[in-house]
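Given next are the chains, with one letter for each unit.
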Amino acid sequence: MITTSLVQAIPQGVDYIRILPELILSAFGIVIMLLDPLVDEERSQKTLGLIALAGTIAGLLSTWHMAQSPGLAFSNMVRVDSFSVFFHFLVIAIAAVVILSSFEYMAVQKIRAGEYYALILFGAVGMALMTSAVELVLIFIALEISSISTYILTGFRRNEASSSESSLKYFLLGSFATAFFLYGVAMMFGATGSTNIDIISRSLQAGPVQVLVYVAMALMFVGLGFKVAAAPFHIWTPDVYEGAPAPITGFMSTAPKAAAFAVLLRVVFAINAPGRFWLIWVAAALSMTLGNVGALVQTNIKRLLAYSSIAHAGYLLVAFAMTSPENSATGISAAMFYTAAYAAMNVGAFAVVSHFANAGERYVTLEDYEGLGRTSPLLAATLTIFLLSLIGIPMTGGFFAKFYVFSAALKANLIGLTLIGVINSAIGAYYYLRIIVMMYMRESRKEVPVARIPFGLGIALATSMVATLYLGLLPNRILQNAQQSAQDLLRQRVPNPTNAAQTQPSEAVQPY
Amino acid sequence: MNIDNLSPFILTLVTFAPLAGALLLVLLPRRDRDIRIFSLVISLLTFVLSLHLPVHFHRGDAGFQFAVDRQWISSPNIHYHMGIDGISMWLVVLTTFLTPLCVLISWKSVHDRVKEFFILLLIMETALIGVFTSLDLFLFYFFWEATLIPMALLIGVFGHERKVYAAVKFFMYTMIASVFMLAAILWLYANTHSFDFVTIRDLIASGKVPNFPAAAQWLFLGFFVAFAVKVPLFPFHTWLPDAHVEAPTAGSVLLAGVLLKMGTYGMLRFNLGLFPEQSRHNAPWVMILALIGIVYGALVAMVQPNMKKLIAYSSVSHLGFVVLGIFSFTQAGLNGAMFVMLAHGVSTGALFMLAGILHERRHTYEISEFGGLASPMPVYAASYLFIVLASVGLPLLNGFIGEFLVLSGAFQDRAVYGILAATGVIWSAGYLLWMYQRVFYGKITHAVNNSLPDLSGFEKAAVWPCAAAALVMGVAPILWLGAIDPAVQAALISFPQVVSKVVGQ
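Residue numbers (this note's numbering), protein chains in the order written: chain A, 1 to 512; chain B, 1 to 505.
The reader is advised that the hints may include incorrect statements.
[To be verified] Anything over 12 Å on all C-beta distances counts as not near chain A; from chain B, calculated:
hint, residue
1, F142
2, T147
3, S178
4, R201
5, E360
6, V448
[To be verified] Below are the DSS-like pairs computed for lysine-lysine, each with C-alpha atoms no more than 30 Å apart in a straight line:
hint, chain 1, residue 1, chain 2, residue 2
7, B, K208, B, K108
8, A, K446, B, K169
9, B, K115, A, K446
10, A, K110, A, K46
11, B, K460, B, K443
12, B, K108, B, K460
In case anyone wonders, no lab produced these hints; they're calculated from the structure.
Where a beta carbon is used, it is the ideal one built from N, C-alpha and C, also for glycine.
All chains, please: the whole structure from these sequences, using the hints.
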């Protein structure tokens with residue numbers, strides 16, 4: 001027994017395939033770091049950007065390859081199932097779109113590109129690893145990889161005080177939050193004797209739940225709640241989003257959030273965390289309300305979208321408030337679909353914002369958007385589609401995502417939370433609509449130069465727009481994928497003996 | 001090709017033809033004349049296609065016809081389910097009839113951002129038709145919300161001075177109200193596992209929906225609020241005058257002609273269809289609100305100095321008739337409600353066009369700015385009079401039939417309702433004829449009015465079809481009622497006592 005487990009402790013070939021995307025992204029990141037001093041400043045922008053883009057595309061392809069061999073790897077620390085594949089695709093695709101929309105931004109802002117692209121890739125590695133890790137310590141390490149990259153990226157507009165401020169703020173509060181998470185992990189270990197999600201799940205179902213477990217859950221929720229910008233851990237969001245470079249704001253409002261939500265899904269549903277209902281209920285209701293109310297009075301579009309992202313975290317959390325297994329499945333798939341839809345529309349919106357902001361991010365107030373419908377109809381129409389999706393108007397991914405979340409909530413008889421949600425989404429319509437009003441119904445009062453949309457950005461915008469409309473009109477495939485993933489995630493916690501044997505340290509491939 | 005082969009696809013074709021046109025329009029270069037001609041062709045084509053429906057409609061059949069039912073999304077169980085009965089068919093045709101007229105009336109009056117205007121107009125048409133043809137609640141909500149954006153943009157971009165205020169108010173009012181309907185739809189799905197209207201209706205009728213009795217009243221209200229704001233029923237009507245006054249003419253025509261009917265159609269289809277018991281239970285206060293709407297709308301219209309606002313308030317009054325007819329649960333009342341919807345669509349649509357024509361010449365809607373217009377603009381004055389008479393309810397024109405039927409339905413239900421509603425007819429004669437007198441008769445008070453040009457060819461082409469329709473509907477209402485009657489009868493099946501009351505007394 002000991003010898004077999006020793007043999008299995010040594011990583012095998014298939015183990016590496018199960019972290020192939022991470023390996024490839026890291027390799028590309030290192031190559032960029034190495035090349036950075038070698039290529040001259042002028043050319044570096046484009047070249048390194050293209051290498052980073054190639055890295056993400058290779059990452060997407062390798063995710064597909066990884067999906068062919070589902071199972072556990074590295075002594076049960078990593079699990080490849082349709083759940084982690086879904087989020088791998090999502091995170092890496094976001095990184096690709098952000099890199100595309102950064103090409104022009106970096107040139108206009110005159111920021112040296114090298115580390116920037118490498119950090120995006122390293123951040124994506126951390127986020128991707130977060131989604132496949134089933135070991136709390138590994139999750140913590142992945143969380144740190146992703147966080148540290150984003151801390152630095154936030155401060156990339158070095159000449160701007162606001163950017164440094166936002167970076168420092170994010171760093172201090174973020175470290176504090178991850179410490180909470182780590183503390184929670186330690187307590188969970190104390191209560192159950194393991195940091196492996198499967199084992200924790202089993203030991204929680206086997207015996208009476210100790211008080212320590214509740215404390216551990218609450219602490220972990222604080223850490224993850226910070227990462228997804230859920231109220232009451234949302235205070236940092238507006239300042240940090242405002243100071244960060246616009247494409248990075250697009251990145252960090254979607255990719256790390258998606259990864260953190262993936263972890264939260266695992267922690268909440270795979271562990272079947274006890275006593276979570278009111279925790280999530282309150283956080284969801286607060287996030288929706290505070291986010292929407294806060295956004296009503298904003299005049300800076302980045303701050304407005306920051307508050308909107310808090311509100312959207314709230315809608316998403318509604319899907320977490322499920323308790324029975326049947327409803328959990330719908331809740332998980334609703335949450336997954338929502339992350340995808342939110343990523344598509346928000347990355348797109350920030351791509352427009354970063355193009356429009358111009359050198360030094362001069363044009364970021366709502367007033368600057370006055371008359372955009374006339375000066376640049378294409379840009380205005382694109383932003384309108386993303387905003388309509390954020391409101392939740394039919395034909396867009398945002399509508400279907402909200403619809404699905406609320407439908408899951410009502411199925412679980414969460415009438416109060418659903419009502420808060422739908423009323424909030426009606427309030428939310430107001431501030432998104434305000435931007436549309438500015439663009440189409442007012443004439444511009446000052447000269448705002450709008451450059452032509454460059455090729456890279458065009459592709460980024462087209463990708464997010466197609467994704468937004470695809471999710472709104474033909475959501476079937478993604479939904480089925482999400483439902484399959486939800487089943488995979490829940491199957492892991494079924495406490496029958498045959499399954500338990502499979503989750504013992506062994507090479508047994510999980511049923512896929 | 002046999003024309004009957006069209007039947008399974010005709011609803012899809014009619015619904016999405018304007019959208020396809022709008023997409024093509026995006027690709028067209030910005031040559032305004034071409035864009036106008038193209039939009040006219042598309043909207044006429046849609047109208048001709050939609051005529052397939054009444055021609056091939058089986059009049060005796062109360063069920064849904066031309067149905068198409070395909071799975072769209074497997075889980076949640078959402079279907080692309082469309083179909084029409086006698087109630088929705090005429091609303092579809094009304095939409096396709098009014099849209100080409102909207103294109104014509106906007107021919108000269110819209111000269112800025114022409115392309116965007118016609119794209120929005122065509123998208124709007126698709127959304128409106130979709131509302132009337134969908135039989136899947138998700139699909140219905142999908143189109144319902146989809147009407148918001150083009151309308152808000154039409155008002156907000158192409159409207160008059162306070163356009164932004166009006167557009168945002170319109171959007172927020174209807175958006176906030178319709179989320180309650182969304183919540184109700186989601187509840188129904190959670191408890192029936194279906195979005196299909198027919199399935200849910202049958203499940204409710206057979207009492208197989210868990211928790212239904214406890215939730216029924218809230219569900220009724222969820223749907224009702226969304227519809228009442230759209231109608232608009234007193235006291236939810238305040239967005240309407242603002243929206244109308246600021247909207248461009250074509251926007252007003254579609255708003256009054258079709259958009260408001262979404263609300264009354266919804267009440268008829270969903271409130272009565274899904275929650276017959278709650279409808280009966282709530283009917284007293286709904287009818288009282290409708291009566292207040294009739295009288296209050298008429299009285300406010302009477303004192304309006306602004307022609308467009310006057311017509312807007314007259315809509316509040318007329319739509320009160322529709323709601324009254326629907327909640328009388330009598331055959332006559334429902335037939336009348338349907339007929340008022342159609343008649344109001346045609347004649348108020350025409351009234352807004354006529355008001356718009358005047359605005360284009362003088363850039364004002366103030367009634368006091370005019371007077372004695374009959375001599376410089378005789379054709380205009382005659383057309384206006386014809387439409388006013390239709391709207392007032394002169395026998396042999398379309399307004400009369402509907403109001404008569406509604407009143408007789410209301411009398412059957414409770415005589416006092418009928419009497420109060422009948423005063424509405426008198427009021428409407430009062431405010432419309434008084435307005436007509438102030439605008440067209442007497443001496444010309446402003447010299448500039450002396451040289452106003454009479455109707456142009458485009459304007460005649462836009463207004464006269466409405467006048468013709470008003471006449472035909474008034475003379476031969478059976479053409480319309482023949483299809484409406486069986487559908488209404490089917491809608492009333494769940495109201496046994498009331499029906500027997502009609503038959504018995």
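Hint-by-hint comparison with the structure:
| no. | hint | in the structure |
| --- | --- | --- |
| 1 | F142 | violated, 4 Å |
| 2 | T147 | violated, 10 Å |
| 3 | S178 | violated, 8 Å |
| 4 | R201 | holds, 19 Å |
| 5 | E360 | holds, 21 Å |
| 6 | V448 | holds, 28 Å |
| 7 | B:K208 with B:K108 | violated, 57 Å |
| 8 | A:K446 with B:K169 | holds, 27 Å |
| 9 | B:K115 with A:K446 | holds, 25 Å |
| 10 | A:K110 with A:K46 | holds, 13 Å |
| 11 | B:K460 with B:K443 | holds, 25 Å |
| 12 | B:K108 with B:K460 | holds, 13 Å |
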